[in-house]
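Student: What follows is the residue order along each chain.
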Amino acid sequence: EPEVTQTPSHQVTQMGQEVILRCVPISNHLYFYWYRQILGQKVEFLVSFYNNEISEKSEIFDDQFSVERPDGSNFTLKIRSTKLEDSAMYFCASKGTGASSGNTIYFGEGSWLTVV
Amino acid sequence: QKEVEQNSGPLSVPEGAIASLNCTYSDRGSQSFFWYRQYSGKSPELIMSIYSNGDKEDGRFTAQLNKASQYVSLLIRDSQPSDSATYLCAVNQISGGYNKLIFGAGTRLAVHP
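One line per chain: the protein sequences are A and B, in this order.
Read in order, the letters of the first sequence correspond to residues 1 to 116 in the numbering used here.
Read in order, the letters of the second sequence correspond to residues 1 to 113 in the numbering used here.
Bound-form chain A, shown alone (with noise of 0.2 Å):
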């Protein structure tokens, strides 16, 4: 079965680096998103991309982030200068279209990101 892949599965960081997470889609969906998850806390929604632009963003997505696409199969999310706060699970996620897929987002395994 297709699945979202991402990598690092771990990574850790010193305050203020720079951290690169990787995701390849499910191959031919179109619609992409980054979630996190705080240790204990709730998936929340950082960002939406389609057609090689980003569709929505949320608060949390300040200028410290960035996504991009920058072949055909990778999604990558920056992290500009880490914070002990971005520490969490970071979840890549995709859809695809048509009326088979429906809504339905199917999740990579996740990156634990721990900023020291």
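Be aware that one or more of the hints could be misleading.
Coverage of chain B stretches by chain A, computed from C-beta distances (three or more under 8 Å per stretch; other residues unrestricted) [claimed, not checked]:
#1 41-52
#2 102-113
Calculated from the model, a selection of chain B residues having no Cβ within reach of chain A, i.e. all distances over 10 Å [said to hold, decoys possible]:
#3 S20
#4 K56
#5 E57
#6 P81
#7 D83
No lab work stands behind these hints: they were computed from the structure.
Quick caveat, the model's predicted, so the values are computed rather than measured.
From the three backbone atoms N, C-alpha and C, an ideal C-beta is built for every residue, glycine too.
Here the structure of chain A is known, so what remains is to put chain B in place on it, guided by the hints.
Tutor: Just chain B now, kept in the frame of chain A:
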């Protein structure tokens, strides 16, 4: 702020019993509703989706939707210890023609032998 509310639990049920998980949402315009299961430290895993009022059954799982009451529930029959997890209710929101999921905080289910 459009919200999705769930009782955090834990909901403790004996093995073989029916577990009932509930969720309310505030956005009357929402049309698609999802239940995800999340084991500790893992990603959300889709269990069921429901779009129409009424019941939808899939194996031991039944999702129930009442749009007038803005209420969606998940029943798990013959609960097993392996069902012990956090169950996330998610509601699809459309903004500017684009979809996103809004999650509740989740209900922790504990099935004891």
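Student: Each hint needs a verdict: does it hold in this structure or not?
Tutor: Verification of the supplied hints:
1. Only residues whose C-beta sits within less than 8 Å of a C-beta in chain A count toward coverage, and the region 41-52 of chain B has 8 of them, enough to reach three; the restraint holds.
2. Given a C-beta distance limit of less than 8 Å, the hint that chain A covers the region 102-113 of chain B holds, as 5 residues qualify and 3 suffice.
3. Once the 10 Å rule is applied to beta carbons, S20 of chain B is consistent with being away from chain A; the minimum gap is 21 Å.
4. Non-interface call for K56 of chain B relative to chain A: holds, since the shortest CB-CB distance, roughly 13 Å, exceeds 10 Å.
5. Listed as outside the interface, E57 of chain B is consistent with that label: its C-beta sits roughly 17 Å from the nearest C-beta of chain A, beyond the 10 Å cut-off.
6. Once the 10 Å rule is applied to beta carbons, P81 of chain B is consistent with being away from chain A; the minimum gap is 23 Å.
7. Every C-beta of chain A lies more than 10 Å from that of D83 of chain B, the closest at about 19 Å, which supports listing it as non-interface.
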